[in-house]
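**Student:** Sequence:
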Amino acid sequence: MPQPGLLLWLFLVIPVVLASCPPGCTCHDDNKDVVCSNVNLGSIPMFLNPELKRLLLIDCSITEPDAMTLRIYEDLEELDLSGNNISRLENEALDQLQNLRILRLNRNRLTDLDQTLFARLIKLETLDLSQNFIKAVPSQLLVRLQSLRHLNLSRNSLLDLDSMVFAGLDHVRSLDLSFNKLQKISPSLFLDLAQLETLDLGHNQFEKISYGVFSSQSQLLSLELPWNKLRNMEMGAFTGLRKLRSLDLSSNKLTAAPREQWPYVAALEELSISDNPMNALDSLDFLELSALRSLTATHMNDLVRINDDSFHGLCALEKLTITGCRQLHLISPTAISNCSRLRILNLSGNGISSWMVGTLDLSRLAVVDLSDNPWFCNCSWTPTLRNLISSHNSPNMARCDGPEQMAGLGLDKAVLGCQNTLLTLARQNLNNLPVLGLLVGSLLLVTILVVTVSLKLLCCTKKEKNVQKNGRMPLYGGSSSFSGSIIYDKPESISDLMDNTIGNMNTGTCQRYVSALPQGRPDLMNYPATDYYSSLVLLPNNCHNCAYNTSNYASPYATNAACFPHSLSRSRLRPPSFIAPPPPPSCPPPPLSSYHRNGVPL
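When the letters of the sequence shown are read in order and numbered with mature numbering (1 follows the signal peptide of the UniProt record, and there is no 0), they come out as residues -19 to -1, 1 to 583.
Derived by calculation from the structure, the hints in this document are not laboratory data.
Each residue gets a CB set at the ideal place from its N, CA and C atoms; glycine is no exception.
Errors might be hidden in some of the hints.
As the list claims (entries may be wrong) - Heads up, simulated DSS-like pairs for lysine-lysine below, C-alpha to C-alpha not over 27 Å straight-line:
| id | residue 1 | residue 2 |
| --- | --- | --- |
| 1 | 234 | 224 |
| 2 | 162 | 189 |
| 3 | 300 | 234 |
Claimed, not checked - Using C-beta positions, here's what the derived DEER-type ranges look like:
| id | residue 1 | residue 2 | range |
| --- | --- | --- | --- |
| 4 | 199 | 268 | 18 to 28 Å |
| 5 | 34 | 344 | 49 to 59 Å |
| 6 | 96 | 5 | 50 to 60 Å |
| 7 | 96 | 189 | 27 to 37 Å |
| 8 | 154 | 213 | 54 to 64 Å |
Using the sequences and the accompanying hints, generate a full structural model.
**Tutor:** Rendered as structure tokens:
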């Protein structure tokens, strides 16, 4: 029979041993928790308070939890074994932890999980299996976790997921499947996750999102799809996401904003399309996102332009971040003109070299960052831009990349340089004013002289043309026959003929005029056999040898009586038919036989 003293000693010593705190750990008996971090324990300590509620053994080199040891702490509500070297768990290792609410096994070496491993954890709310080497999740592994709220399977080696793996988990609020090797999503995979609010599918290998995949996620608030291979999304891929607030589509293969999906996510407030091979943001690309408050488009290496009205419809936009787009040289002046609520604008690290005054009213913004752009500081807009930026909380002041004399200068110094340049130019203009006045006066004088001379030459030319026109001897337009029916059409030829004829005349010296016959000679046209002469010679007033005076039929240009020289042969003339004949003369001409010279009939 044990001695009473020994029993007393055991009663006093054993609880102290059992409740001993391992070196390097922090133990709180009042709170009933033990925290060990970066302590080389090797296994779970046995001699801790059996009434522990919280046991955190982080990075303690534990290789395999002992089922017998864990049974001691059946009151545990939180167990964290993250950052150890656990490669397997016994099937019954967790059976006694029916009060467990939080279990973290992340950053271990787990590869395979028995489908009954969590069967008794009916109160479990948070399960973290991230950063292991799990290749598959048994379809029945999670089926009994009816209280589960948060599930993390990220950073494993999952290739595929059974369509029933999440069956019955209608209380799950967040699911993280990022950093795996998933290539497709079964349409029924998320069917029972009706209360899901956060879903992370980033860093997988999805190439498309099928129609109806999220049809049951009416409560989803955040959807992460970055770092996949998405090239297109089927029409209606976002059906059911009517409460979605945040969407990340960055680092995919999208060549254009998926505007056809926006009507299904009309409540969206945050959107990232960064690092996609889009070469432009087109007009009305975000028209349906009237509730959007933040838009991020960074490191888009193919983006070269932002077109007119690209952000039209974003009337609630407060933050716009477009950075690291080195090919982006210009933003359309109307691109963000409709964003009346914009408060934060970050355009740093792009290829913008000039600022169009009026592009955006920066006065209403709280933060503006235009740094790390190759600004070519033009004095026409640099002062305006400096004034707009200096009144805001700008984290980095923009600097000039050119011209050469301003390279590396901040906008303050660049504006000062512009002012000095303008002052120097003004002084030079004042000094050159007399010379400039002399040059202008000389140019004006030369202009006046040139105009005066030109006008005089023009007047003389017109007078000469008038003289030539008015003084030209009219010539009858029809055919004329002289001396053997030789046709003479020019006044010069007729004049030569007249000179020869007059030289043979026995009359005195006569002054010669050549004139066209009256057009048509209607008095002769009535007599087809009658001939008359095609040219009239006007003799001076003392010419008495002319037997017949034909002044009544002379040309209106003739001022003297006409004489018919005897040497001119008669010929039949054909007046032009297209000239209207004048009225008949008052006295008819004598018959041709009456034409005589010195009493001798011709």
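**Student:** Against this structure, judge whether each hint is valid.
**Tutor:** Hint check results:
1. 234 x 224: Given that 27 Å is the threshold and the Cα spacing comes to 26 Å, the pair holds.
2. 162 x 189: Holds, at roughly 14 Å.
3. 300 x 234: holds (24 Å)
4. 199 x 268: 18 to 28 Å: holds (24 Å)
5. 34 x 344: 49 to 59 Å: About 57 Å separates the Cβ atoms of residue 34 and residue 344, which means 49 to 59 Å holds.
6. 96 x 5: 50 to 60 Å: Since the Cβ atoms of residue 96 and residue 5 sit about 36 Å apart, the hinted range of 50 to 60 Å is violated.
7. 96 x 189: 27 to 37 Å: holds (31 Å)
8. 154 x 213: 54 to 64 Å: violated (30 Å)
Checked against the numbered hints listed earlier, the structure breaks hints 6 and 8; every other hint is satisfied.
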